[in-house]
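Model the placement of chain B on the given structure of chain A, informed by the hints.
For the record, the sequence lines run as chains A and B.
Taking our numbering as reference, the numbering of the first sequence is continuous, increasing by one, and the terminal residue is 185.
Taking our numbering as reference, the numbering of the second sequence is continuous, increasing by one, and the terminal residue is 145.
A few of these clues could be false.
[To be verified] Examples of chain A residues lying across from chain B (beta carbon under 8 Å, computed):
1. GLN96
2. HIS122
3. LEU179
Worth flagging that the hints you see were computed from the coordinates, not collected in a lab.
Where is the CB? At the ideal position from N, CA and C, for every residue including glycine.
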Amino acid sequence: MLIPLRLSAQTDEQLMQRAARGSDRAFEELYNRHARRLQGFFVRRLGDDGDLAADFMHDTFLRLYAAREKYHEGSNFRAWLYTIAYNLCKNHLRNQLTVVHEDREVSDDSDIEVELDEAILHDALCDVLKRLPEPHAMLFSLHYEEELTIPQIAQITNVPEGTVKSRLHKTMNIIKKELKQYENR
Amino acid sequence: MKIDSQDIIRTAQQLRDKQNDQLSVRPWNRQRHFHVPTWLVAIPAAAIIGFALGLWTQARVNDDTPLTALTDTVYIKVPVPQPKEDSVAQSVINEPSPTVSQASATPKHTTKPAVRQSAVSTRPQPVAGRSFADDHIRYDLLVRN
Numbered sequence: 001m002l003i004p005l006r007l008s009a010q011t012d013e014q015l016m017q018r019a020a021r022g023s024d025r026a027f028e029e030l031y032n033r034h035a036r037r038l039q040g041f042f043v044r045r046l047g048d049d050g051d052l053a054a055d056f057m058h059d060t061f062l063r064l065y066a067a068r069e070k071y072h073e074g075s076n077f078r079a080w081l082y083t084i085a086y087n088l089c090k091n092h093l094r095n096q097l098t099v100v101h102e103d104r105e106v107s108d109d110s111d112i113e114v115e116l117d118e119a120i121l122h123d124a125l126c127d128v129l130k131r132l133p134e135p136h137a138m139l140f141s142l143h144y145e146e147e148l149t150i151p152q153i154a155q156i157t158n159v160p161e162g163t164v165k166s167r168l169h170k171t172m173n174i175i176k177k178e179l180k181q182y183e184n185r
Numbered sequence: 001m002k003i004d005s006q007d008i009i010r011t012a013q014q015l016r017d018k019q020n021d022q023l024s025v026r027p028w029n030r031q032r033h034f035h036v037p038t039w040l041v042a043i044p045a046a047a048i049i050g051f052a053l054g055l056w057t058q059a060r061v062n063d064d065t066p067l068t069a070l071t072d073t074v075y076i077k078v079p080v081p082q083p084k085e086d087s088v089a090q091s092v093i094n095e096p097s098p099t100v101s102q103a104s105a106t107p108k109h110t111t112k113p114a115v116r117q118s119a120v121s122t123r124p125q126p127v128a129g130r131s132f133a134d135d136h137i138r139y140d141l142l143v144r145n
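Chain B extracted, bound-state conformation:
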């Protein structure tokens, strides 16, 4: 086949197209840097810095103050029990009991029953149905326990 200039040009262009098709071309935007608007960075950054600064200054204040200033002093009124006669125990002692009446009936026993009597009289006996004392404590329950 006879080759002229047009054949050479046509073949050269075919070679060009073949070569160009095989190329991988990078997109333009891969080369460019992505620009974030300045305000979009500045505003959150200022907020974060302000918050951190606030926390830091607050921490400094707390460090400087003495420990006593950070705690509240609470005064508690402690009730002091008044030394007074135990009316319940007294009433138990004064209560006439069957043993005491029997002892008074038999005058033969002089010494030993007296000891028993005193033991009986000192031991608190459970008394049910008594009202609250002035300090609102049920002493009868205390005695039982």
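Excised from the complex, chain A in its bound form:
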């Protein structure tokens, strides 16, 4: 005998399947799980505009709700969610005429040593991440903050996995170089 699992005990993919079959409660559960984190992602990517981030987060979920019947069994829910969010961000930044520096020249020096106090590191990293150019900022956010895997990021950004890996490596070097400037303050 099959006993239906409680919504909170189900995976994102199981909930999405139920939502695709018309369960609004399952979709609401997904919203409750991911809304805050997605809104935070938009806050960081859109420049600390809380209201805009909230609107974008809702827009993402509304698009997801509208397209819920197209969900295929087995596809990763978070990858799908962040694909919508990534495209919204990209369109917004394009409309804002933000200059995107593609593959800025960064030395491939992996042995950059930074020495900082932990208290300073918080404030310094906060500043550095705000000034981080695209697409490095987006990749850093997706991989380290939103904890998406490299294949998922490759799927979201429509970029080969190798390119994602090398860009992430460069991103970390940029951050270290920027942090080095805070050493003697």
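The following block gives chain B in isolation, referenced to the frame of chain A:
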């Protein structure tokens, strides 16, 4: 303190958590519109419209009919009093009174007592204990008043 990639990632995640905790997230159901079942609206609406339509048509009928059709004509039979002799007054006049008997006893008074007699005889005197007349009116009471 030496900073490596792991320190940067850990600190970035701490910053993320701190920032996310400060966010106020709107509930999903605030965005959705509340859907009332169609039948729950249609049935009461039909009842209200039907009732209003009924009142309106009834009002139209009443407006068109003449006023005389709305009132009932009542015919009242008004009793017409028959001109007949007042038997009570007549009986009072015919009743022998002490003044009349005294007058008949003294024949000296010729003119003046006659006038008095006639005045006395025309004035109705109260008579108690008489039965109802044919028209069921106590004339004696009327006389007294």
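Results of checking the hints against the structure:
1. GLN96: violated, 21 Å
2. HIS122: holds, 6 Å
3. LEU179: A/LEU179 check passes; min Cβ-Cβ to chain B is 6 Å, inside 8 Å.
Against the hints set out earlier in the document, a violation occurs for number 1 only.
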